[in-house]
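Trainee: Residue numbers for the sequence shown follow my numbering, beginning at 843 and rising by one.
Hints in this document: simulated from the structure, not taken from any laboratory.
We put the beta carbon where it would ideally sit given N, CA and C, even for glycine.
One or more of the hints may lead you astray.
What the hints assert, rightly or not - In silico DSSO-like links for lysine-lysine, alpha-carbon gap of 30 Å or less: (1) Lys1000 - Lys929; (2) Lys1088 - Lys1058; (3) Lys1000 - Lys923; (4) Lys1081 - Lys1058; (5) Lys879 - Lys923; (6) Lys1085 - Lys1058; (7) Lys879 - Lys1000; (8) Lys929 - Lys879.
Unchecked claim - Derived CB-CB ranges, DEER-like: (9) Pro884 - Pro931: 14 to 24 Å; (10) Asp949 - Asp1040: 23 to 33 Å; (11) Thr882 - Lys1081: 50 to 60 Å; (12) Leu1016 - Trp878: 29 to 39 Å; (13) Asn919 - Asp1028: 28 to 38 Å; (14) Thr882 - Gly1076: 44 to 54 Å; (15) Gly948 - Thr882: 13 to 23 Å; (16) Gly948 - Asp1055: 26 to 36 Å; (17) Ser1067 - Thr1091: 27 to 37 Å.
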Amino acid sequence: MAMMLNNDFEYDSDSLEVDFALPTPEECIGYLGPMWKFLTTPILNIQVGTDEREVFLIHQGLLTAHSGFFRGLLRHNLREKEEGIVKLPEDDVKTFAMFAQWLYTGDCASDEIAASETKSPDLEIELPLRDLSSVKTETDDETFNFPLLFSAYVLADKIEAPAFRWHIHDEITLACEAKHPQLSLDDIRYVYQNTREDDLVRNFCIRQTCGRDLQKNLEDPEFLSVCEEIPSFGVSVLKQCSKRLKVLTGDSAENTKDQATG
843 MAMMLNNDFE
853 YDSDSLEVDF
863 ALPTPEECIG
873 YLGPMWKFLT
883 TPILNIQVGT
893 DEREVFLIHQ
903 GLLTAHSGFF
913 RGLLRHNLRE
923 KEEGIVKLPE
933 DDVKTFAMFA
943 QWLYTGDCAS
953 DEIAASETKS
963 PDLEIELPLR
973 DLSSVKTETD
983 DETFNFPLLF
993 SAYVLADKIE
1003 APAFRWHIHD
1013 EITLACEAKH
1023 PQLSLDDIRY
1033 VYQNTREDDL
1043 VRNFCIRQTC
1053 GRDLQKNLED
1063 PEFLSVCEEI
1073 PSFGVSVLKQ
1083 CSKRLKVLTG
1093 DSAENTKDQA
1103 TG
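The task is simple: from the sequences and hints, build the whole structure.
Mentor: Structure representation (structure tokens):
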């Protein structure tokens, strides 16, 4: 499957014509009214993970306002509703922490959560009170954790939280536009193994691998192995190669024509 392309050709990754839009959040899921109304609802005990299980205490109103999964669960499962306990043993603690963070602040704080420990701090420890308006935030060297972002996107789809999925979509877009986005082959495998055939998040994998680094990727045996391992990904890569070759042959034909008439 080895392919060689002209290294002198400067490829514009913006010409991929990849649509990054996601469906608009459903009308009744993701609407957030006055926060205080949600804070008056019962608190649920959400137990996430198995070996390193973490407990999240979240207001029921926030969960049912943003998640079709929790809305249906609490509507049809009397045990969970009466006990106020929901167990999610198969989910990742940090991934769910992003969802919990977003519920209360509107920001998933992926970089902070990725760098933090999953264990909750001792509640007896008092944190210092600070004027947050004086705290400087560094954005120039902002880093993104693709595995965590993709995991959050899959979680959003699983719990039917379209507004959260839209937020993660925007975060992935920012990550792809960063100075040095690091998308690994394992990231590609995870996305294709956990999303539907027509899921638009797969377009990010194509954009990142078929842009200016396409030639280098085509010379990488591991990349070609992934193309064979995941046929749908390999077909998408071939389509981008075909598009690039058409541009090359078109330019070559135009130059030949100019030389003949010159």
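Trainee: With reference to the structure, classify each hint as holding or not holding.
Mentor: Results for each hint:
1. Lys1000 - Lys929: It holds: about 15 Å lies between the C-alpha atoms, which stays within 30 Å.
2. Lys1088 - Lys1058: Roughly 19 Å between the alpha carbons, so the hint for lysine 1088 and lysine 1058 holds.
3. Lys1000 - Lys923: holds (20 Å)
4. Lys1081 - Lys1058: Roughly 17 Å between the alpha carbons, so the hint for lysine 1081 and lysine 1058 holds.
5. Lys879 - Lys923: holds (19 Å)
6. Lys1085 - Lys1058: Roughly 17 Å between the alpha carbons, so the hint for lysine 1085 and lysine 1058 holds.
7. Lys879 - Lys1000: With a Cα-Cα distance of about 26 Å, the restraint between lysine 879 and lysine 1000 holds, given a limit of 30 Å.
8. Lys929 - Lys879: holds (25 Å)
9. Pro884 - Pro931: 14 to 24 Å: Roughly 22 Å apart at Cβ, these two residues keep to the hinted range, so it holds.
10. Asp949 - Asp1040: 23 to 33 Å: Once the Cβ atoms are compared, 29 Å apart, the range 23 to 33 Å for aspartate 1040 and aspartate 949 holds.
11. Thr882 - Lys1081: 50 to 60 Å: Given a distance of about 53 Å, which is inside 50 to 60 Å, the answer is holds.
12. Leu1016 - Trp878: 29 to 39 Å: holds (31 Å)
13. Asn919 - Asp1028: 28 to 38 Å: holds (35 Å)
14. Thr882 - Gly1076: 44 to 54 Å: Check passed, 53 Å falls within 44 to 54 Å.
15. Gly948 - Thr882: 13 to 23 Å: holds (20 Å)
16. Gly948 - Asp1055: 26 to 36 Å: holds (34 Å)
17. Ser1067 - Thr1091: 27 to 37 Å: holds (28 Å)
Every hint, counting from the list given before, is met by this structure.
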